[in-house]
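Visitor: Those letters in the sequence shown? Residues 1 to 149, by our numbering.
Because the hints were derived from the structure by calculation, they are not lab data.
This structure is a prediction, so every number in the text was calculated from the model and none was measured.
Positions of the beta carbon are idealized from the N, C-alpha and C atoms, including for glycine.
Incorrect hints may have been included.
[Stated by the list, open to error] Pairwise CB distance ranges (calculated):
{"#": "1", "residue 1": "N77", "residue 2": "Y104", "range": "22 to 30 angstroms"}
{"#": "2", "residue 1": "E73", "residue 2": "E40", "range": "18 to 26 angstroms"}
{"#": "3", "residue 1": "A55", "residue 2": "G35", "range": "35 to 43 angstroms"}
{"#": "4", "residue 1": "E73", "residue 2": "Y107", "range": "21 to 29 angstroms"}
{"#": "5", "residue 1": "A30", "residue 2": "E95", "range": "31 to 39 angstroms"}
{"#": "6", "residue 1": "A116", "residue 2": "E63", "range": "40 to 48 angstroms"}
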Amino acid sequence: MTNKRVTRRSNLQQRMQTLVYPYVLVEASAGLPWGPLAPEQVEMRYWFTAAPAEAVSFGYNSERHAANRARLEQLLNEILNGDRERDFPKVADTEENRKRFCGYCIYRSRCDRGIAAGDLDEYDEEEFAEEDLERALEFSLEEIQELAF
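Given the sequences, and given the hints that come with them, work out the whole structure.
Guide: Encoded structure:
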């Protein structure tokens with residue numbers, strides 16, 4: 001990773017890539033000349049260019065693989081069966097949310113919250129994670145503007 005500083009282990013644990021990458025590797029390994037790989041042969045490692053000696057690793061096993069499969073199936077079902085407006089609401093249009101969420105969103109023009117996504121080099125992941133995400137994502141239906149299609 002090219003972050004300017006090492007990301008906390010707890011934040012890395014919550015990333016989708018920590019779930020997806022090992023899962024896909026195990027599933028796809030059956031088609032490789034040296035495959036298939038057992039989940040126990042896989043490890044997710046984050047290496048930071050700013051601190052090469054401070055790599056963060058996550059072991060993998062059959063239990064985690066089964067849990068990841070269930071989680072991915074759940075997410076895919078939610079996406080494929082969801083109603084856009086009800087199941088995928090926009091964050092409330094506040095100054096804080098525009099700074100933290102909308103500022104880096106490539107779809108922000110769809111919500112009239114800017115034209116292009118901000119520069120991710122200015123994104124401070126540690127500052128973002130320290131905020132109370134539950135509070136920042138709170139909204140009421142009255143706060144959501146109707147979109148014309």
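Visitor: If a hint holds in the structure, say so; if it does not, say that too.
Guide: Going down the list of hints, with the structure as the test:
no. : hint                             : in the structure
1   : N77 <-> Y104: 22 to 30 angstroms : holds, 27 angstroms
2   : E73 <-> E40: 18 to 26 angstroms  : holds, 22 angstroms
3   : A55 <-> G35: 35 to 43 angstroms  : violated, 25 angstroms
4   : E73 <-> Y107: 21 to 29 angstroms : holds, 25 angstroms
5   : A30 <-> E95: 31 to 39 angstroms  : violated, 50 angstroms
6   : A116 <-> E63: 40 to 48 angstroms : holds, 43 angstroms
Consistency with the previously given hints fails for numbers 3 and 5, ordered from lowest to highest.
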